[in-house]
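Please put together the full structure from these sequences, using the hints given.
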Amino acid sequence: MKKKNKGNKIPKWAWLLISFAAAMLLWYLLSLNPKTARSFPNVVVTLGSIKTMIERGVLWTDISSSLISVVAGFMIGFALSLPVAILMAWYVPVRNIIEPWIQFIRNIPPLAYVPLVVISAGVGRKPQIIVITIATFLIMTVTIYQGVINVDETLIKAARVLGATDKDIFLKVIAPATLPFIITAIRLGSSTALTTLIAAESTGAVAGLGMRIRSLNNSFESEPMLLYIIIIGIIGMLVEKFVKFLERRFTGWQEKREI
Amino acid sequence: MAGKERNIKVKIDNVRKVYDTRNGEMIALNGVNLDIMENEFICVVGPSGCGKSTLLNIIAGLLEPSSGAVYCDGKEVKGTGTERGVVFQQYALFPWMTVKKNVMFGLNLKGIKGQEAEDIAMKYIKMVQLEDFVNHYPKELSGGMKQRVAIARAYAVNPSILLMDEPFGALDAQTRTQLQTELLETWEKEQKTCFFITHDVDEAIILAQKVIIMSARPGRIKEIVDINIPYPRTQETKMTPEFLELKNHIWSQVYQEYLEVRK
Chain A
1 MKKKNKGNKI PKWAWLLISF AAAMLLWYLL SLNPKTARSF PNVVVTLGSI KTMIERGVLW
61 TDISSSLISV VAGFMIGFAL SLPVAILMAW YVPVRNIIEP WIQFIRNIPP LAYVPLVVIS
121 AGVGRKPQII VITIATFLIM TVTIYQGVIN VDETLIKAAR VLGATDKDIF LKVIAPATLP
181 FIITAIRLGS STALTTLIAA ESTGAVAGLG MRIRSLNNSF ESEPMLLYII IIGIIGMLVE
241 KFVKFLERRF TGWQEKREI
Chain B
260 MAGKERNIKV KIDNVRKVYD TRNGEMIALN GVNLDIMENE FICVVGPSGC GKSTLLNIIA
320 GLLEPSSGAV YCDGKEVKGT GTERGVVFQQ YALFPWMTVK KNVMFGLNLK GIKGQEAEDI
380 AMKYIKMVQL EDFVNHYPKE LSGGMKQRVA IARAYAVNPS ILLMDEPFGA LDAQTRTQLQ
440 TELLETWEKE QKTCFFITHD VDEAIILAQK VIIMSARPGR IKEIVDINIP YPRTQETKMT
500 PEFLELKNHI WSQVYQEYLE VRK
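Heads up: the protein sequence lines correspond to chains A and B, in order. In terms of my numbering, the first sequence has 30 at position 30, counting the first letter as 1, and numbering is strictly consecutive. In terms of my numbering, the second sequence has 431 at position 172, counting the first letter as 1, and numbering is strictly consecutive.
Warning: the hint list may mix true and false statements.
One-sided and incomplete, this derived list gives chain B residues near chain A with beta-carbon spacing under 8 Å [as the list claims (entries may be wrong)]:
#	residue
1	Ala319
2	Leu321
3	Ala328
4	Thr339
5	Thr341
6	Arg343
7	Gly344
8	Phe347
9	Gln349
10	Ala351
11	Trp355
12	Phe364
13	Leu368
14	Tyr396
Listed below are the simulated DSSO-like cross-link pairs for lysine-lysine, each with C-alpha atoms no more than 27 Å apart in a straight line [unchecked claim]:
#	chain 1	residue 1	chain 2	residue 2
15	A	Lys167	B	Lys369
16	B	Lys270	B	Lys369
17	B	Lys360	A	Lys244
If you're looking for bench data, these hints aren't it; they were derived computationally from the structure. For every residue, glycine included, the Cβ atom is placed at its ideal position computed from N, Cα and C.
So, in structure tokens, the structure goes:
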């Protein structure tokens, strides 16, 4: 497995440590320069703002509120994208009608249609979930659809000559063959859910990481702003770790190109 | 085999296949008639584009003829059936299943489950000498091993005819020779009808009792050559005068067709 790493004696965890140390150094250098220091206050004061935010009683509600919106939006988006992607792959008319819609909406920044969502859905939790659902649904539908139409034709033939019915082919061939694409869809969808957070929480939210960053912006408090940005980054990395785990657990059989 | 009455296993009756392409109709097969006898080993050779794969797919029930019909044991072929097993050139193993699960796939579909399915699967995995790899995934196997698994998987559901579409075409010469020998041994033991497509004339002669030469545009049967070399055949068989004579004849016929296609 590790043939490309010959002569490279530094273990992975050490590289991670080096990478982290380098980032801290860069951050420190940015905090020395008076111009960039306004955006990058030094580590100590930034982390110190954790206390401030807890004292204001918002840190935990912001995190939990955002997580609820992200998880709910992602779940609904995923639950919708799975059947839609399969229908698109299965029935040509469905594909011909829906695919142009998806291509059309996909490249519009969510922030652009937020006001329209608010007009119909009002303010609060509902529009946040709707915005995240739309964004995650689009990216996941496209990815899963690609997976279903790319299932190797000879696998389907092989199953058919061994006595498989249409139902068998769907459950025992197409579903497992699409699994790697579903995992990729989860990865892209969860990352989209997080990157859509600011847009989603600009719908008059009362709490949330994205909403708080915007409001801190109004009072020029860069320490807690940077802190919140870091929190979003950490959540993203944890999600990625989880997806990696799913990948190892369910699609370890895949032939992988070594990069 | 002596004394055994030979029945017609598969009857190909005036099969024609036309594809609609952008440049109009393409006649892939025209007026193909052939009787495949029980337990017979037939090889089909011909230039690419002569419709040999199309013919195999029609016998398998994966394609429908535009006109004419195929009968298997006297019944018209409509769709696939487990009495007709297929081995594909691209192996077509399910990558998410281990060797054992791949071989058991058809058995499970037949309703054979649990220990019984495992026993049958193991019998055929042993037949192709992969008992040390039962729990390996396809990605961990070489090309030759993958094709052995595919052969075991086809045998496991106990088909009466095996349709093989250039099964050894993607393998290196040594592996190919090895698998040819193994296939002949199994064929002599299991006594199944084999319909084997290849573009390798040596392979066709070493395996078959009858070699069908097909011509292209439209695909039809040009000549049927009986191979009267006794089994077991070995690599030494390839040095005998009768082998070389047959090779010379079949090869020149195929080459002539190849030149036709190139025109």
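Against the structure, the hints come out as follows:
Taking 8 Å as the C-beta contact cut-off toward chain A, the hint placing Ala319 of chain B at the interface holds, the least distance being around 6 Å. A least Cβ separation of about 6 Å between Leu321 of chain B and chain A falls short of the 8 Å threshold, and the interface hint therefore holds. Using the Cβ-Cβ criterion of 8 Å, the hint placing Ala328 of chain B at the interface with chain A is not satisfied: the shortest such distance is roughly 19 Å. Annotation: Thr339 of chain B was flagged as interfacial toward chain A, and the flag holds, the nearest CB pair being 5 Å apart, inside 8 Å.
Interface hint at Thr341 of chain B: satisfied, since its Cβ lies 5 Å from the closest Cβ of chain A, which is below the 8 Å cut-off. For Arg343 of chain B, the shortest C-beta to C-beta distance to chain A is roughly 7 Å, which falls under 8 Å, so the interface hint holds. Nearest Cβ of chain A to the Cβ of Gly344 of chain B: about 7 Å, under the 8 Å cut. The hint holds. The beta carbon of Phe347 of chain B comes within 5 Å of a beta carbon in chain A, closer than 8 Å, and the hint placing it at the interface holds.
At about 5 Å, the closest approach between the beta carbon of Gln349 of chain B and any beta carbon in chain A falls short of 8 Å, and the interface hint on this residue holds. Taken as an interface hint, Ala351 of chain B checks out: its beta carbon lies about 4 Å from the nearest beta carbon of chain A, inside 8 Å. Below 8 Å, beta-carbon pairs count as interface contacts, and Trp355 of chain B has one with chain A at about 5 Å; its hint therefore holds. A cut of 8 Å between beta carbons decides the hint on Phe364 of chain B: the least distance to chain A is about 6 Å, and the hint holds.
Hint on Leu368 of chain B holds. Least Cβ distance to chain A is approximately 4 Å, under the 8 Å limit. The closest approach between the C-beta of Tyr396 of chain B and any C-beta of chain A is roughly 5 Å, which is under the 8 Å cut-off, so the hint is satisfied. The straight-line distance between the Cα atoms of Lys167 of chain A and Lys369 of chain B is roughly 14 Å, inside the 27 Å bound, and the hint therefore holds. The suggested pairing of Lys270 of chain B with Lys369 of chain B holds, with an alpha-carbon distance near 26 Å, which does not exceed 27 Å.
Taking the CA atoms of Lys360 of chain B and Lys244 of chain A, the gap is about 25 Å. The hint holds against a cut of 27 Å.
Checked against the numbered hints above, the structure violates only hint 3.
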